[in-house]
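Asks: What follows is the residue order along each chain.
2 protein chains.
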Amino acid sequence: MLKIPDHQVAGHTARHGKLGPLIDDSGRFYKPLQDDERGSKEVAFYTSFSSNKRIPDHIRRFFPMFYGTQLLEASDGSGLRPHLVLQDLVSDRHNPSIIDIKIGSRTWYPQASEDYVEKCLQKDKITTSLLLGFRISGLQIYGNNESGFWKPEKKLVLAFTPEDVRLVLRKFVSSNSPTDSNSVPDCSFAPSVYGGSAGILAQLLDLKAWFEDQTIYQFNSCSVLMLYEKESAMKGRSSGAEVKLIDFAHVVEGRGVIDHNFLGGLCSFIKFVSEILTSPDEHSTEACSPDPEKKCIAIENGTTE
Amino acid sequence: MLKIPDHQVAGHTARHGKLGPLIDDSGRFYKPLQDDERGSKEVAFYTSFSSNKRIPDHIRRFFPMFYGTQLLEASDGSGLRPHLVLQDLVSDRHNPSIIDIKIGSRTWYPQASEDYVEKCLQKDKITTSLLLGFRISGLQIYGNNESGFWKPEKKLVLAFTPEDVRLVLRKFVSSNSPTDSNSVPDCSFAPSVYGGSAGILAQLLDLKAWFEDQTIYQFNSCSVLMLYEKESAMKGRSSGAEVKLIDFAHVVEGRGVIDHNFLGGLCSFIKFVSEILTSPDEHSTEACSPDPEKKCIAIENGTTE
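Sequence lines, in order, name chains V and B. Letter by letter, the first sequence follows residues 1 to 305 of this note's numbering. Letter by letter, the second sequence follows residues 1001 to 1305 of this note's numbering.
Okay, chain V solo, but in the shape it has when bound:
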């Protein structure tokens, strides 16, 4: 009855007998609790959030539904283990294209140990987190019936440069093949996926307005998940473009301060998305402009000195 999710793009996976999340046919997602404090912290967040009356409904929709915890046979065969029971965000989706974007130029939190800070800081430096305020953690982009999904492996995704990120965000909303490096992404679905009154950008701006005000939580190391269905968009139907927030193992109390780290990264990501909407036919290589005030954004290992 429980099975391994088809459309997970980041995080631990239950494949190859490892410990990872499972799904069922009723639209639920079972995330195993880690043995360390991460698991209990994520349960604490969902419990607090689901009962918090200060969360407006138009913000609550960005979060997976929470159904409590449940003891289940773990996917690695290690026996019974508590699992978070969440909404499976893609249970009613057909071939969804998905990008997982970890938000924040800093993925560690002030209260963390020196070792943890150092580990995260190094990762923030070698990925785009520090420079862009976010990094792509995983993705799958649907091509067509024959090619299926482009789902680059984790190592490749974490090595993305700022220019790669720009390109991937264009590929995400293009009709041409995501793996064809010779064709320029046409961004033909940008207006219907990123744009419009219910599109990704509008949803991100809703989220931004909340983050400018809310001082309840600090969402360290959380991800924004963007998803939509290309086949549906190709047929002129609704693309089902949706933004969700996931991964709350490092959420801490806001203590009266807004989450400036998340907000800054979110604004940077919003700028990337809105630039695709305003210049959908710009070749990504044009970012390397001879205009001295508009320098090439490709940064060669500039983060790792």
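Since the hints were made in silico from the structure, they are not lab data. Glycine residues also receive a C-beta, built at the ideal position from the N, C-alpha and C atoms. Be aware that one or more of the hints could be misleading.
Which residues of chain B face chain V? A few of them, derived with a C-beta cut under 10 Å, are [said to hold, decoys possible]:
| hint | residue |
| --- | --- |
| 1 | Leu1121 |
| 2 | Leu1130 |
| 3 | Gly1133 |
| 4 | Arg1166 |
| 5 | Asp1213 |
| 6 | Arg1255 |
| 7 | Val1257 |
Cut-off 30 Å, straight-line C-alpha distance, at most; resulting in silico cross-link-like pairs (BS3-like, lysine-lysine) [as the list claims (entries may be wrong)]:
| hint | chain 1 | residue 1 | chain 2 | residue 2 |
| --- | --- | --- | --- | --- |
| 8 | V | Lys123 | B | Lys1208 |
| 9 | B | Lys1208 | B | Lys1041 |
| 10 | V | Lys41 | B | Lys1125 |
| 11 | V | Lys125 | B | Lys1041 |
| 12 | V | Lys271 | B | Lys1244 |
Which bits of chain V does chain B cover? Going by a derived footprint, with three or more residues having C-beta under 8 Å, they are [to be verified]:
| hint | region |
| --- | --- |
| 13 | 88-101 |
| 14 | 120-134 |
| 15 | 248-261 |
Got chain V; can you put chain B on it based on the hints?
Replies: Leaving out everything else, chain B in the frame of chain V:
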């Protein structure tokens, strides 16, 4: 003809025969160039900024006027030294109350050396930068004719907790004495200084809108300066409330990415200011509420572990 500025609240000072900025009677401020790259980087920024046609006028007003560089006898008697020639922001001010707020939870920049990063990171942790996204670097608050200014020394300012910051931002716009710890700041000038269509908050929001869009510069370790004249406000005249940006020795090219670090910190600061406008009569101690969802924001050494 050149003299030591009366109203400098942060940074190097020319007092006691040290190297620091000087002013003249014509409203110019002479900032000595440091021997290391900071001086030349700040000149480079002002030169680039002053000729950049993509800076709108309503943003340019936040920056000091730049008049080039000039060789001058240095204030420490070490001989001729190049100085930045800038507008003296307080030359036409009478007893200005001033706060210098260094913006950003991170005051270092990705390209910096490991040593420099470590030094800044430690300072960001022990001050409020990491937690609040900004820290107060210096201030002077005018009391009255007899008491003059409250100008706490640097050591005290850098030891401010989040709760101290909240209190100082209230004292800044209060009619009662800034040094009287028994009286609760009345925030009587909040509507005229922070509020209104030309007040501090309106100016900060203007600046924020630009930072959401501009990808020309990253303003690492810059300060927002807030100033106004209490005596003028007391007489019901314009408070002359003004926001300025200063200190550009660590500005780097934006390379197509918004300054998410500055923007996040600016939004956090905006939230602090707007909370004073919406609850001007709230005692600062009320932030320690028994409501479990609204915990005390005083954080005891939580930043230095």
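Asks: None of the hints should be skipped; say for each whether it holds.
Replies: Structure-based check of each hint:
1. Leu1121: holds, 8 Å
2. Leu1130: holds, 5 Å
3. Gly1133: The hint holds - glycine 1133 of chain B has a Cβ within 10 Å of chain V, the shortest such distance being about 4 Å.
4. Arg1166: holds, 8 Å
5. Asp1213: Holds: closest Cβ of chain V sits about 7 Å from aspartate 1213 of chain B, inside 10 Å.
6. Arg1255: Status holds, d = 5 Å.
7. Val1257: holds, 6 Å
8. V:Lys123 - B:Lys1208: holds, 29 Å
9. B:Lys1208 - B:Lys1041: Satisfied, since the Cα-Cα distance of roughly 24 Å is no more than 30 Å.
10. V:Lys41 - B:Lys1125: holds, 23 Å
11. V:Lys125 - B:Lys1041: At roughly 23 Å apart (the allowed maximum being 30 Å), lysine 1041 of chain B and lysine 125 of chain V satisfy the hint.
12. V:Lys271 - B:Lys1244: holds, 25 Å
13. 88-101: Violated: only 0 residues of the region 88-101 of chain V have a Cβ under 8 Å from chain B.
14. 120-134: Since three or more residues must qualify, the claim that chain B covers the region 120-134 of chain V holds, with 5 doing so at under 8 Å.
15. 248-261: holds (count 7)
Checked against the numbered hints given earlier, the structure breaks only hint 13 and satisfies all the rest.
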